[in-house]
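Going down the list, the protein sequences come from chains A and B. So the number in our numbering is just where the residue sits in the first sequence, counting from 1, plus 18. So the number in our numbering is just where the residue sits in the second sequence, counting from 1, plus 44.
Accuracy of the hints is not assured; some may be wrong.
What the hints assert, rightly or not - Here are the simulated distance ranges between beta carbons: (1) Gly74(A) x Asp388(B): 51 to 57 Å; (2) Lys73(A) x Gln420(B): 20 to 26 Å; (3) Gln175(B) x Asn79(A): 55 to 61 Å; (4) Thr69(B) x Lys73(A): 39 to 45 Å; (5) Thr31(A) x Leu380(B): 21 to 27 Å; (6) Thr69(B) x Thr31(A): 38 to 44 Å; (7) Lys221(B) x Thr31(A): 21 to 27 Å; (8) Asn79(A) x Asp164(B): 41 to 47 Å; (9) Pro65(A) x Ser194(B): 52 to 58 Å; (10) Ala88(A) x Glu498(B): 55 to 61 Å; (11) Thr69(A) x Ser193(B): 46 to 52 Å; (12) Pro438(B) x Thr69(A): 36 to 42 Å; (13) Leu66(A) x Glu498(B): 53 to 59 Å; (14) Thr31(A) x Pro482(B): 51 to 57 Å.
Keep in mind that the hints were calculated from the coordinates and are not lab data. Predicted model only: the values in this text are computed from it and were never measured. We put the beta carbon where it would ideally sit given N, CA and C, even for glycine.
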Amino acid sequence: MEFVIVKYPMSRTVLVDGEKSGLTNKILRLAEGTHTFELSGAKNYKPLSQTLAIKGTDSVNPKEVTFEKA
Amino acid sequence: MKKLKLTILLFFSIFAFIGCAHYPTNAKLDNFDKGKGYRFQNILPQENSDSLFVILAFSGGGTRAASFSYGVLEKLRDTEIIWDGKKKRLLDEVDVISSVSGGSFTSAYYALYRDKIFADFESQFLKKNIQGALAKKLLSPLNWFRLASSEFDRIDMAAEYYDEHIFDHHGFKDLQKRKPFIIINATDMTLGARFEFTQDQFDLLCSDLSEFPISRAVAASSAFPVLLSPVTVKNYAGSCNFSEPDWVKNAMNDRDIAASRFARATQVRSYLDKDKRPFIHLMDGGVADNIGLREPMYSMFSTDSPWSVLRMVNMEQVKKIVVIIVNAKTEPNITLDQKESAPDLKDTLMTVANAPMDNYSFETIELLKKSVEQWQKDVDARKSCETEMKKSCPKAKLAGGHLYEIDFYPIVIGFDAIQDSDERSFFKNLPTSFSLPPDTVDKLRNIAGRLLEESIVFQELKGHLK
């Protein structure tokens, strides 16, 4: 299991590979592999998507994926 | 002259009859639409909450497996719990049943008929000599002409029988849009991989599952190699505006970092090429996964599954996950080792058929147990770090806050757990067939309920649901 935190100034739903898969600023669990991260709702953030290989994380050291307000 | 005309007419009729014999072809899907069809996301919201997520996995094993899994359903029906402040039967909290071969008769019957299963499944299936009925159909001279057709085989005849006598001509459109969502598993002969009867799978073929007979899905799931022929489905891929899930494209980059994810994506894409694969041949689901646990595991530990429980966990919609594996596995035939002479062809074929299946089932259960242990270790590691941080730096916080916790209850029901050696031996030496004596069926039902009740994890679960 891998661990990711999608960081954003407020709480929004995170899309992983196009599917609702958790909330921003909380630890998400994912299977290892390449995943695309986006935020659901209005496209008022940047970058619009990030695709990353997620591997080698753990519950104490999750991968951080950061989005900002556009 | 009259005799000649009659003879010609008779031959013409026979050949016309042979020509008419064709397996029922699966329908083409006009337009891909995730909002339609038999899939988990289209199950209507109801009293059965997602917060207590219950998965049943029913193994193969003919009537032995069907009776054993039926006994588990009876026990769940008789187990009262309190959840979300409401009293209910644990059976009514079952969200998903994944089944193989013999177990698919039970899951499909329950999904279609609900509590009516407790009134008539015994007479309609469990205590019927299904094997004898199939043999009678096979030996009927009328059917020989049909079987002479290259597009109609023994499995199609079996499916006809199940359609007529067990599933009453129902298709997947007749499955109520209520939980449990059932996954009937077969094996794709070319890939050696699981093939499931859900619209998510049929989307890849641009085929509409709604008219597909449930009897045919169950027949495919229980098409025991050699004894029964595979079920054929037609591939219409490329004709329904299907777009592959996003994870597939990403997984094609994962050959080195996530090989099984890459393999799965490759399998998905193989269906999308209808020129290479215009037909898919499906055999007993036990060849790929004889306990029906692989898809539930995929759902619990990956966000890729169309009904991913992991996504629901991340959304904090699930508080407890219960997985009950009902494994009707029998004993290896150790009498072979009592003779010096080499085992015969039948025993050799049985070993070839059963040993890989049993080994794989064992490894899958061990993998589930290890995954659940690791899940808890991950939570404990995070908590331990938070505690240390609080001691040395009280104002500091770990990014992401607490790791969301859920309770896992993996429960394995199998004959190995029977304490008494004679009783254990009795069950472990039951044959794999579609005909068992009625009192044996009752013994299987009873032992299923007893083994579930004796399970420490089940007792723990009941204690937490009071």
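Which numbered hints does this structure break?
The structure breaks hints 5 and 8; every other hint is satisfied.
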